[in-house]
Amino acid sequence: MQNKLYDVVVVGSGAGGGTLSARLASLGADVLVLEGGPSINTFTDFNTHGLPFEFPFRHVPLMRAGKPGFDGERSRGLGGKTQLWNAVSLRFSQRDFKGRDHDGAGENWPVDYADIAPYYDRVELEVGVCGNYDHLEDLPDGIFLPPAPFKCTDLAIKQGAATLGVKVIHVRKATLTRKSATRPACHYCGNCMSGCDVAAKYNSYNVHMLPASRAGKLTMQPNSIVYDLPVNDEARVKEVRYFDRETRAEGVARGRVVVVACACAQSVALLLMSKSSRFPNGLANSSGELGKNFIPHITAGFEVFLEDFIGKPPTDDQGFLDHAYIPSFMHTAKREYARSFGVQFNYQNHRMAGWARSVPGMGKAYKEAVKARYPAYMVFTGYHEMLPNAESYIDIDSDDLDSYGLPKPRRFWKLGESDRKLHADMVRWCGAILDASKARIHWAATQPVTNHEVGGCRMGDDPKTSVLDKFCCAHDVPNLYVVDASAFPSSSEKNPTLTIMALASRAADHIADRLQKREV
Amino acid sequence: MSSYSTDRRSLLRIIGSIGATCAFPFASEDLYGQTPDHEHKPAETPLPHFLNERDFKTISRIADLIIPETDTPGAIGAGVPDYIDSLIARNTDHQLVVADGLRWLDAQGGKPFPELSEGQQLAILEPLCAAYDANSDNRARNVQFFGLIKNLTADGYYTSRIGLMDELRYQGNKILASYPECR
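As given, the protein sequences belong to chains A and B, one line each in that order.
Residue 475 is where the first sequence starts when you use my numbering, and the numbers rise one by one after that.
Residue 1154 is where the second sequence starts when you use my numbering, and the numbers rise one by one after that.
Treat the hints loosely; a few may be bogus.
What the hints assert, rightly or not - Computed footprint of chain A on chain B; a stretch qualifies when at least three of its residues, placed anywhere within it, have a C-beta under 8 Å from a C-beta of chain A:
hint, segment
1, 1244 to 1258
2, 1304 to 1313
To be verified - Interface residues of chain B toward chain A, partial, derived using beta-carbon atoms under 7 Å:
hint, residue
3, N1288
4, R1322
5, C1335
What the hints assert, rightly or not - Derived pair list, reagent style DSS-like, types lysine-lysine, alpha-carbon separation capped at 25 Å:
hint, chain 1, residue 1, chain 2, residue 2
6, A, K786, B, K1327
7, B, K1210, A, K653
8, A, K838, B, K1210
Bear in mind the hints are in silico, worked out from the structure with no lab data behind them.
Heads up, the beta-carbon is just placed ideally off N, CA and C, and yes, glycines get one too.
Could you build all of it, start to finish, from the sequences and the hints given here?
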């Protein structure tokens, strides 16, 4: 089996790898998915419904006792981060794809919204996305299941924001609000990010890879940590070298096409590690752009208490975490910076009340204050885009090795002048919306914080300034694709996963077409 | 202010409750997947205590002054001192702060802290609490000591069954047929 030549070998099994491999398998390609982490049974392995007092030190472990874990940065488990994500699924708009045209800064994508829209359609139909048809130019509608109703606490923000002319919409998530043929509807337990044990929330293992593997064209091989992608004389990846996560036994997989989908920093790290005489600075890096243009989402978080809810009886409003979203509104306004921001809020889980320790006082008054605030507690986090700059990049540290002896990726980021103005304006707007919603700020982040990792392996038309072409195929290596957020030339302020999946699905079609034409 | 209707005809329908204490009542496992974790045993407090009996009593008393008994049990009633002890046992920084704090406390009232009157105890702790609230980065060791015990007390209490279920009345972790409209 080791020497079998697959049509496609995919490294990584999350949103990008899962979507792409299932699509390719459905088109008849023979696909091998190598996943660094262990096999996970979504239905039985997570402590989805654990409560803190059931566990030592009041810590609910992610995995049940004796079950394989998601261990560390490179090795996560079948399904990758889709097992734990919050499922927010937003389409990028034409503005997001053409940010340079719109703002005069940063980069355009080599594609338009119209190029990606059919793949958004396809992915939404495959995974099931709920949402409301809001008819917003900057946040295109998709093919939606009905939205989940707003929480009462969302309505407080909605009313407050409305006084400032700011719109609050239903969140859009890859979580079923109606049952499908194979998955139950969400039961609103509120523990989505602890592993959804019914797969009402999309994960790539149950929704994409498992059905494809049962149909016989997709092979999942967990516990296989890929560390090198050597090339042949024609600058094509000739094999995929990995070792077993447990035994460290080395192995080789061969594919006509190799797809890297390990999540942003890890994909960049794998390519940087794959040095050869042909590519001494890392695979597919003749441009020197690999690792550059790292543009993670930047956040400003708040913890607040809604005055109207202080002292009210607690209700079961966990839902599927956040039910609402504040889409970008500053992109059409006159402003002193490029790009924009959106706000995610009310995504906390009430299983824990970690904020209680920072409520002032002691004694009966303290205890009453915590109890009164419990139903009123909410997190509120603005997300904004940053522009690429020379001081924001990913590299690998040959002196800092992980437990497998592989160099760890390092992230460097620094906000430019425009980004800092955008951040300050986002913080100001968040404060104004909270004030208008009668929300008392309990805690506010004092520094920008990164979230979703984006960039480092960007696509573009010019091989001198980009790593990938518009189909996510490496300019330098005709049988190598990268399908994760590292491919994005700009990040938008919107969550990246739906766009990762749409790009992956599009890359799958491109690969299948080239396989059929015997180009690879 | 709006709230969720409890009207029987409202959309809210609770069809099950999950957790170690309440197995999933109606659906087959392959339909819904919530397999009860039969392997899992509820957490037991590691014994013996890391702190000696005298120090444990002092810490217990402080915790119970921070979260006293009301219509629900206080810190001692919720087993919080055991939690605090287990965290101190695992953290050498905590151990140093606690050792300094206990030594400082002993020098205050002329006799062991638990033997002081409640008024005397509060007269010692309340200024520390005020100083900690004013600046949680206050470097004074006695303020750090109070802050540590308060944090551990709050964490331990609100993650206990009594704190989360009885005091805060956490309502989540249930199986809903649909999400209720806010009315």
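Structure-based check of all given hints:
1. 1244 to 1258: violated (count 0)
2. 1304 to 1313: holds (count 8)
3. N1288: violated, 12 Å
4. R1322: holds, 5 Å
5. C1335: Interface hint status for B/C1335: holds (4 Å vs cutoff 7 Å).
6. A/K786 with B/K1327: holds, 20 Å
7. B/K1210 with A/K653: violated, 55 Å
8. A/K838 with B/K1210: With a Cα-Cα distance of about 20 Å, the restraint between A/K838 and B/K1210 holds, given a limit of 25 Å.
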